[in-house]
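K.L.:
Sequence:
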Amino acid sequence: MKLTLPLITISTILFLAGCVRNESNLCKEFDKDLHGAMMKITGRGDNEWSKYDEEFVYSLCNGDIKGANEVIWEGSVSKYDALEFSKKLRIKFTPEDRDIKSYAYEDANKKLSEFVCSACASNLAQEYVDHPDSMVGKVVRKALDGDKASQDLLVDYDATKPLR
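Residue 50 in the working numbering sits at position 50 of the sequence shown, with consecutive numbering throughout.
For the record, the hints were derived by calculation from the structure and aren't laboratory data. Please read all numbers here as calculations on a predicted model, not as lab measurements. The reader is advised that the hints may include incorrect statements.
[Stated by the list, open to error] With a straight-line cut-off of 20 angstroms between C-alpha atoms, the simulated PhoX-like cross-links for lysine-lysine are:
#	residue 1	residue 2
1	K40	K87
2	K28	K88
3	K66	K87
4	K66	K51
5	K88	K32
6	K51	K88
7	K66	K101
8	K101	K138
9	K101	K111
10	K32	K51
11	K92	K79
12	K138	K111
13	K28	K87
14	K40	K92
15	K142	K101
16	K40	K28
17	K66	K92
18	K110	K142
19	K66	K79
20	K148	K110
21	K88	K40
22	K110	K138
23	K92	K28
24	K138	K148
25	K28	K51
[Unchecked claim] The following label-pair restraints were derived from C-beta to C-beta distances:
#	residue 1	residue 2	range
26	H35	S122	31 to 37 angstroms
27	R44	K142	46 to 52 angstroms
28	G63	E84	16 to 22 angstroms
29	H35	G67	19 to 25 angstroms
30	K110	A149	18 to 24 angstroms
31	E29	D97	30 to 36 angstroms
32	R141	D46	46 to 52 angstroms
33	G67	K28	17 to 23 angstroms
34	G146	H35	44 to 50 angstroms
Don't be surprised by glycine CBs; every beta carbon is placed ideally from N, CA and C.
Let the sequences and hints guide you as you build the complete structure.
P.N.:
Here you go:
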């Protein structure tokens, strides 16, 4: 028995591509008249909303749920506002809770930034969260707990060389 698959037509491809972007009227308006759309979405006067409100709406209109949640997780847009904006956009959206790892990373990154460069802090925090039992993870833990020798060791940390 020979199995034949239907050909994918250009109209099917265009239909599927349209599913990625939300085509609500306010999302279309957001692209054409940012200020007018934001006034309608937020219910606030001209320029009485933040760039984070815009980022949330942009993410939601483009189907970037993770990006929309990140704006909430950062504390830049409240869950209440996010739900109100999504209702006005007629987009079903439920804010997700952050996972424990993202809290641990953010906390470690912030504390490490006090004594190492920001890129180093980010790399060390990621290593600490992903591999807490590794040598680097253990040294980071001690440094976060206030161990001065561990902090000094991390100040000179070079990811291309083994930690001593």
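K.L.:
Does each hint hold? Answer for all of them.
P.N.:
These are the hints, each one checked on the structure:
1. Distance hint between K40 and K87 is fulfilled; the C-alpha atoms sit about 12 angstroms from each other, no more than 20 angstroms.
2. With a CA separation close to 13 angstroms, the supplied pair K28 and K88 stays within the 20 angstroms bound.
3. In summary, the hint linking K66 to K87 is supported, as the alpha carbons are separated by about 18 angstroms, within the 20 angstroms threshold.
4. Taken as a hint, the K66 and K51 pair is honoured in the structure, with Cα atoms around 17 angstroms apart against an allowance of 20 angstroms.
5. Distance check on the hinted pair: K88 and K32 sit about 17 angstroms apart at the alpha-carbon level, within 20 angstroms; holds.
6. With a C-alpha separation of about 18 angstroms, the suggested pair K51 and K88 falls inside the 20 angstroms cut-off, and the hint holds.
7. Distance check on the hinted pair: K66 and K101 sit about 15 angstroms apart at the alpha-carbon level, within 20 angstroms; holds.
8. Proximity of K101 to K138 is assessed by CA-CA distance (about 16 angstroms); at most 20 angstroms being required, the pair is judged to hold.
9. Proposed proximity of K101 and K111 is supported: the alpha carbons are some 15 angstroms apart, at most 20 angstroms.
10. For the hint pairing K32 with K51, the CA-to-CA distance comes to about 17 angstroms; that is within 20 angstroms, so the pair holds.
11. Pair hint K92 plus K79 holds up; C-alpha atoms about 14 angstroms apart against a cutoff of 20 angstroms.
12. Proximity of K138 to K111 is assessed by CA-CA distance (about 15 angstroms); at most 20 angstroms being required, the pair is judged to hold.
13. Of the supplied pair hints, the one linking K28 and K87 holds, its CA atoms being roughly 16 angstroms apart against a limit of 20 angstroms.
14. Among the hinted pairs, K40 with K92 is consistent with the structure: their alpha-carbon atoms are about 18 angstroms apart, no more than 20 angstroms.
15. Pair hint K142 plus K101 holds up; C-alpha atoms about 18 angstroms apart against a cutoff of 20 angstroms.
16. Simply put, K40 and K28 have alpha-carbon atoms about 13 angstroms apart, close enough for the 20 angstroms limit, and the pair holds.
17. Distance check on the hinted pair: K66 and K92 sit about 14 angstroms apart at the alpha-carbon level, within 20 angstroms; holds.
18. Proximity of K110 to K142 is assessed by CA-CA distance (about 15 angstroms); at most 20 angstroms being required, the pair is judged to hold.
19. Distance check on the hinted pair: K66 and K79 sit about 14 angstroms apart at the alpha-carbon level, within 20 angstroms; holds.
20. Using a Cα cut-off of 20 angstroms, the hinted pair K148 and K110 holds, with the two alpha carbons roughly 17 angstroms apart.
21. The straight-line distance between the Cα atoms of K88 and K40 is roughly 8 angstroms, inside the 20 angstroms bound, and the hint therefore holds.
22. Restraint check: the Cα-Cα separation between K110 and K138 comes to about 17 angstroms, which is no more than 20 angstroms; the hinted pair holds.
23. At most 20 angstroms may separate the alpha-carbon atoms for a hinted pair to count; K92 and K28 meet this at roughly 17 angstroms.
24. Pair hint K138 plus K148 holds up; C-alpha atoms about 14 angstroms apart against a cutoff of 20 angstroms.
25. At most 20 angstroms may separate the alpha-carbon atoms for a hinted pair to count; K28 and K51 meet this at roughly 18 angstroms.
26. The supplied range of 31 to 37 angstroms is met by H35 and S122, whose beta-carbon atoms lie about 35 angstroms from each other.
27. About 48 angstroms separates the C-beta atoms of R44 and K142, a value consistent with the hinted range of 46 to 52 angstroms.
28. The beta-carbon spacing between G63 and E84, approximately 19 angstroms, falls within the hinted interval of 16 to 22 angstroms.
29. Under the hint 19 to 25 angstroms, the C-beta atoms of H35 and G67, about 22 angstroms apart, fit the expected range.
30. At roughly 21 angstroms, the beta-carbon separation of K110 and A149 lies within the given 18 to 24 angstroms, and the hint holds.
31. Evaluation of the 30 to 36 angstroms hint for E29 and D97 yields a pass: the beta carbon distance comes to about 31 angstroms.
32. The hinted window of 46 to 52 angstroms between R141 and D46 holds, with their beta carbons roughly 49 angstroms apart.
33. Look at G67 against K28: about 19 angstroms separates their beta carbons, and that is inside 17 to 23 angstroms.
34. A beta carbon spacing of about 49 angstroms between G146 and H35 agrees with the range 44 to 50 angstroms that was offered as a hint.
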